[in-house]
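Peer 1: Chains A and B, in that order, give the protein sequences.
Position 143 (the first sequence) corresponds to 143 in the working numbering; numbering is contiguous.
Position 227 (the second sequence) corresponds to 904 in the working numbering; numbering is contiguous.
Treat the hints as calculated values from the structure; they're not laboratory data.
It should be emphasised that the depicted structure is a prediction, and the values quoted were computed from it without experimental measurement.
Among the clues, some could well be false.
Straight-line Cα separation of at most 27 Å, BS3-like style, residue types lysine-lysine; simulated pairs [what the hints assert, rightly or not]:
| no. | chain 1 | residue 1 | chain 2 | residue 2 |
| --- | --- | --- | --- | --- |
| 1 | A | Lys90 | A | Lys193 |
| 2 | A | Lys90 | B | Lys905 |
| 3 | B | Lys905 | A | Lys675 |
| 4 | B | Lys799 | A | Lys90 |
| 5 | B | Lys803 | A | Lys475 |
| 6 | B | Lys803 | A | Lys675 |
| 7 | A | Lys671 | A | Lys505 |
| 8 | A | Lys193 | B | Lys761 |
| 9 | A | Lys90 | A | Lys475 |
| 10 | A | Lys153 | B | Lys803 |
| 11 | B | Lys861 | A | Lys475 |
| 12 | B | Lys761 | B | Lys905 |
| 13 | B | Lys761 | A | Lys97 |
| 14 | A | Lys671 | B | Lys761 |
| 15 | B | Lys803 | A | Lys90 |
| 16 | A | Lys153 | B | Lys861 |
| 17 | A | Lys475 | B | Lys799 |
| 18 | B | Lys761 | A | Lys153 |
| 19 | B | Lys861 | A | Lys193 |
| 20 | A | Lys519 | A | Lys505 |
Partial selection, computed: residues in chain A whose CB lies under 10 Å from chain B [said to hold, decoys possible]:
| no. | residue |
| --- | --- |
| 21 | Arg58 |
| 22 | Leu70 |
| 23 | Ile151 |
| 24 | Thr156 |
| 25 | Ile211 |
| 26 | Arg214 |
| 27 | Gln225 |
| 28 | Ala275 |
| 29 | Gly376 |
| 30 | Gln379 |
| 31 | Phe428 |
| 32 | Leu430 |
| 33 | Ile515 |
| 34 | Phe517 |
| 35 | Ala637 |
A virtual CB, placed ideally from N, CA and C, is assigned to each residue, including glycine.
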Amino acid sequence: MTTLNYTVRFRKTVLASLIGLCVSQSSFALEELSDAGLSETTGEGIAILPQNTYMVFRGAGANETSNQILTDRTKDTGYINYVPVGPLSKTAADTNKNGSIDSGDRAVGKADIFLYGLALSKSDNDTNTRIASTDTAAAISSWGTAINPWIFKVATENSVPNFSATNCSGTADPSCQVTYLALEAPLYEVGTKDSAGIDAYKLKLGLWTDIFVRDPNKINGAADQFNYGDSNGLIGTSTDTSRANRLRLQGVWNNFSLNGSRLQLFQTLGGATSAGGMSPFYNDTLGFAGVVRLNSGDASNLRATITSNTPTSSVGPWVNRYSTQYTGAPSNNSPSADWLYRIRSQTTTVTSTGSWSVPTDNAMNNVLRLSTRESGTGQGNLVTPAINGGLAPTFDANEGLYLYNPNINLVLGSLYQPLVLSSDGKNFSLELARIPNKPEIYKKIYTDYSGTNNSYLGSTCNVYQCGTSVTLGGKTYQGSSATHSSISIGSTVYNAATNTLEAFKGNSTQDAVGISFGKLPTGTVGVTQTKNFYQLQNQERRAGSYTCSLIFTCYDTWQYRTATGWTGNAGSGLKFDSQGANWVNIDSTSYYNPTVNNTGSTTTDAGNGTQFVVPAGTPLPDALYNGGRWYTTTPNADLNTYKLSSSQISSSISNNMGSAVIDGVLIQHLKLTTKGL
Amino acid sequence: MKKISTLILALCTTVTHAELQTLDNDALQAINGQAGADLSLMLNLNQTANGVFDNGSGGVCENVEFCHIGLAINKRFVQADATKPSGWAENSDSGNKLWLVFKGVQGTLNIQKMGLDGADLKYLDKSNTEIIKPAIQLSFSAAQPILIRNFGFNALSIEQDNFTSSTTAQGSSANMYDYAYFKKPTYAATANSGNQQVATATPSAYDYGRETGFMGLMMNGNLAIQGKVMVFSCDGSHPRC
């Protein structure tokens, strides 16, 4: 008989208890969860609430202190590389579209994209930092609240219309039930935001990128892999060491929120056939639906101020413009009709002033900025830290494309209009299902803007509302049931009655801001415009009597126009002053061209009058010169007619492109297909 | 003793232990806070210890087909169709099943420190009663970043099985290379139909030897994350659930 050696010795009492436990247990078994059982779930999930958080993707290396991480931006070299696998397709390589790749096609390369230093934090309102420099400034204190957190959940929606011709029979109809997995951001709060979750509306995203044109015929890591030219017929062999085949870009986005965003993943409903523009590929496959909301906030008070002042006028001195150089007698030896002038002009300058003041609204801090210029000496044109090592570049503080207060609300499908993936075995397509000709579905999507037919349930998702609002713990939040997308940049006008958004077009005292090339000027910018008017006058003399002297020399004499008429014969020589010639207003003259440079001159009055000095002249602004004549121009008596208009003032801010809105976008059907994979 | 043991075993195997009870909020709150745990996690997937794809001789990915991840979406097939440029027509019911295959999946992920604690959160539930909710608190420190080394995949490709399946029946083959996710074509030095370079006639030394596909993705760096994440159950009483 074998003796058993126990490594554990049971006491009898323990043994007894164990037996007791074993027999007294009731028995349970895991049961299969049917679809019907799942569809009864009310939607419980996991709530996620990030607090005091920020992140930044640093270069691979030793651990750093948080102070180093926040203050040293040159180590933001952690990267995500999009690797361009696969040869260029014929579609890409056949640049002249003649159906073949030949000597007429330019050399095209592959895009090698490095995305660096991805940083998500709280906004410091600086458009040239990718993350704030202190822990307090950078940390998102609470991204959502306990009552309004991020949620990862599974839920079932009943009465979702399917693609078939038959309507749902009721909430229990299994062909109209969709169980979905959803990731939901905190909801977007209406009105004054809960202070606990306020940082969720002040996010900051920063990153920078190097995008290369890669020679497809150089192995990865070759010294000349980016020295690629674009010569015709030399795909894979064109070489140009001088080409800067790199786009270096920085993106900084201040004060945006993700609140209200939602992604749903589910199995699509069935019923679609090839009829009516539909596709059987919509049926029972993986479907996505998303509401992507990237909002900066209300922009109805984002207005630049325009001020236009009452114009003033000033009258300048008379300036001599022309005098005949003909100082002698009129043409000798025959009767003459010579007629000579002096001309002068007086300038009246009307000065119109105004100013353009940048909006004082806080929304000016809400900026999405893309910039390319480096500051300082910069780095080489073809280097990047992922390949060559080294530091992240520093970017110029003011250059680039500024998008002020962007509000982007994209509705991409729904449980009854899913986004599906398809493939023909090589290429793939992303398709947002066509809205079927089925009232049960399209009435859920289309909007009746007149408001007369409330059976159309669609609406637009914008920063003010997104479908039906919900109340949680006494606070109101925007929903996520809207069906139309809206994108606005800068100053907007919101019509709450129709839930429509328009770009602000400016008025006499306010201007729109939104898209700007380079940073908008700060503070107030003065605008001055002058307008010149010219009063022309002349003095005249004409040939007088024809006289023959005793020594048989015959000549004309001059007569000068005075205030009362013509003088008698005043002999030869220039005697305008000494003969008391009168200045008279004239309407026009052909003796002076104010639009060209004029040479000065000096002529002396032979009768001992003052010298007549004509200064050299550059073209006179605003002078009216037409048909070879310079015309007198006079300002209007009411100077307010010269007041600067708002458009004159706003156009002086030459980099301000104003605001832009795309509102009420409904995607009826969208299919994106790749080519040549 | 042996008999008794046998008896115990016999008794225990006939019944099933299942005395799991619902942990309600009250019970969880009754637990006094204790210092949590600091966790560290090092994930090394298909790489050598220094973060390089382990496809050398004797490496885990010496046979690269074993370093693939394939995903198939419901109702996506192709059937041979000579009228199509690719020779295949999409079909939603039957045919050769399509797979989205991630090739050369690899990466080293080193979470140096993740704090695991408990914390209470307060909110108003659906009946507007304030409740105290215990939550798991995961905390991260920027000073101990998550080290990410060559994390990603070499190529993403759409492949198809060499046998037919349908929405109701899964086909099979004795040859593992008939399964889409085991296919491992690579780009040859010159264009040929087997490596999908037919349409291009483009020399591509860059792609030579790589597994076919259309894009790869690779991450490298130290992901510095500061802060904490509260994770709690969003039960039916929570206004959002």
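Peer 1: Return the numbers of the hints above that this structure violates; sort them in rising order.
Peer 2: Hints 1, 2, 3, 4, 6, 7, 8, 9, 11, 12, 15, 16, 18, 19, 24, 25, 28, 29, 30, 32, 33, 34 and 35 contradicted; others consistent.
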